[in-house]
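Position chain W with the ligands against the provided structure of chain S, taking the given hints into account.
Going down the list, the protein sequences come from chains S and W. If you count the first sequence from 1, position 226 lands on 252 in the numbering used here, and the numbers rise without skipping. If you count the second sequence from 1, position 222 lands on 217 in the numbering used here, and the numbers rise without skipping.
Keep in mind the hints are simulated off the structure, nothing from the lab.
Computed cross-link-like contacts, BS3-like style, restricted to lysine-lysine with a CA-CA straight-line distance of at most 27 angstroms:
| hint | chain 1 | residue 1 | chain 2 | residue 2 |
| --- | --- | --- | --- | --- |
| 1 | W | Lys35 | W | Lys197 |
| 2 | W | Lys245 | W | Lys261 |
| 3 | S | Lys41 | W | Lys101 |
| 4 | W | Lys245 | S | Lys285 |
| 5 | S | Lys151 | W | Lys266 |
| 6 | W | Lys266 | S | Lys152 |
| 7 | W | Lys35 | S | Lys285 |
| 8 | W | Lys245 | S | Lys277 |
| 9 | W | Lys255 | S | Lys274 |
| 10 | S | Lys285 | W | Lys197 |
| 11 | S | Lys277 | W | Lys255 |
| 12 | S | Lys56 | W | Lys261 |
| 13 | S | Lys41 | W | Lys103 |
| 14 | W | Lys255 | S | Lys285 |
| 15 | W | Lys30 | S | Lys285 |
| 16 | S | Lys56 | W | Lys255 |
| 17 | W | Lys261 | S | Lys277 |
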Amino acid sequence: MALLDIKGIDVSYGKSLTVKNCSIALDPAKICSVVGESGSGKTTVIRAVLGLLPGGGSVTAGDIVYENRSLLKLSKGEWRSLRGRDISMIFQDSGAMMNQTRLIGKSFVEYIRTHESISKQDAWKKGAEMLGRMRLPDPDRIMNSYPFQLSGGMRQRVGIAMGMTYQPRLLLADEPTSALDVTTQAQIVRQMMELRDEYGTSIIIVTHDIGVAAYMADHVVVMKDGRIEDQGERGYILNDSTNAYTRKLIKAVPSLGGKRYV
Amino acid sequence: MFDEKDLLLEARHVTRRFSTPSGRELVACNDVNLKLYRGKTLGLVGESGCGKSTFMRFLVWLDRPTEGEILYRGKDITKLKGRQLHDMRQHIQMVFQDPSTSFNPKMKIRDIVCEPLLNYGRIRHSQRDEKARELLEMVELPGDFADRYPHNMSGGQRQRVAIARALALEPEIVVMDEATSALDVSVQETVIELITRLQREKNITIGFICHNLGFIQSFSHQIAVMYLGNIVEVMPGDQLSSLCCHPYSKALLNAVFDTKMDFSRKIEPIKGEPPSPLDVPVGCPFQDRCDQCMPICRERRPVLTEISPGHEVACHRYGEGVSA
Ligand SMILES: Nc1ncnc2c1ncn2[C@@H]1O[C@H](COP(=O)(O)OP(=O)(O)OP(=O)(O)O)[C@@H](O)[C@H]1O
Ligand SMILES: Nc1ncnc2c1ncn2[C@@H]1O[C@H](COP(=O)(O)OP(=O)(O)OP(=O)(O)O)[C@@H](O)[C@H]1O
Ligand SMILES: [Mg+2]
Ligand SMILES: [Mg+2]
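Isolated chain S (complex conformation) (with noise of 0.2 angstroms):
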């Protein structure tokens, strides 16, 4: 049975459909990569799987149905025992969304403890040692510096530890890794896949590099204009897709030694 069951949904910004019939059904300890057309509707799908969509956004038909309930009648009560804990979120752009002006550890020491009765000691310690995980040199000094203080990547793995502080049943990654030198990146994406491996967490994942959602994924789904234009196994996706859209993307993909414009 499906952990999380995405039916046929619309989502709309005021007037203006932008999502339109989206279905994805994810079961546990899978992993589902999304790429597609840069303004597609990817973010505005999983930001509507956690609620959260910006102002203005809203499911106007079809279900997101998590475990036999559907998300999309929850209190902000119910919201606030699954986020976090039961589904967590790594946004596109973590460090633009942070407090400038606050310590990351105080941060970071909040979200805990919305999450979590702990001590702020215990939260500090607990924050810093993910920190460390998302291999951050000094996790106190990252713990005790402002968001300007840290590389754009630095900030990034500031989210991605949050995401990951609990081991999530569902994790919706929003290009976690594109700001992220390959040497980290490929440290993030074993990572990500060990959640998957030790404690069944379901993965869903955004990301514009191809490679990385290739390597990762059980399913990929292809975004264009709104929809879902394509979708299937890994090697499908590659190799043997005739959908003209898929084909152009995967065409684009630099590669090492490929084509050049100078």
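Below, chain W with the ligands without anything else, positioned relative to chain S:
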């Protein structure tokens, strides 16, 4: 490799230290020497947090180095002030990774792209419509996008607006800090086609930070690899995979996910602890993670040494460029 008469900008012994809450000193850039040539692209790659953005920010006066100089048009631009700085600024422009955070959301696209031109008195208020249309068309966007707001556009379209704005003043140098990382590969391709075409037409010099090695080698004339604040290798862009020899550069190449890779291969992370810029070791910055580390690597810092035309490496295994 490059003609020295085309040398446009040169960073000499540039170092940036930050102080940290614990009172220890953080070295973000350590004795960086780099050259940008007219009409050419320098690609800069390296580990997250190694100092790439810190370096590029000097070129657009968002920060100043603690030591060293950056020569451009015969002047050390890190020392400029007032009128001179204002005049020089128009020649060097920057595009950031996420343009939505650098645009004022309440401004229409017309005003966003024309703002620098108005600031420098290059156009009159009444010419905005015409100029905005021209700039948008240059980046292959419909001219009537001028009436939109940034949030009504997709990420790819916003990024093109950011490029149009950066090019409005016809700068000599454009710095792009992960300016294409948020775009899908197909849009990335059109953006880079556009940038390389404009580079040829206007002879623009580009400094480009990017984590995607396949992508950056497709348009860079030279590629510099940075590690823990140090430039460890510089090589011609078209020969990245064949020439690269610094153990860190090789580790980077090995970590690339490719659509043709063996998907059953387990990911082997680079060994050892990630390095701390608070605690840069004596000797080679990569020593603790290098599988070819020798005793000398723990004693002396290797300096960049040219081992073939246009190819410099800072490693005791190559050349004999050992500093005191
Ligand atoms: N708050 C909003 N109000 C109105 N329109 C929006 C809003 N957020 C997004 N949109 C629009 O909805 C569409 C889908 O946006 P979304 O962010 O989901 O795309 P995406 O696939 O995640 O793109 P990217 O790859 O660039 O992150 C885009 O056309 C965008 O302009
Ligand atoms: N204003 C600041 N105050 C203190 N430390 C800073 C400041 N700006 C940057 N640093 C530190 O300098 C180092 C280099 O940061 P920089 O942003 O240059 O990295 P980067 O190579 O661009 O990394 P990324 O690929 O993640 O963007 C980091 O350790 C960062 O924490
Ligand atoms: Mg998105
Ligand atoms: Mg950076």
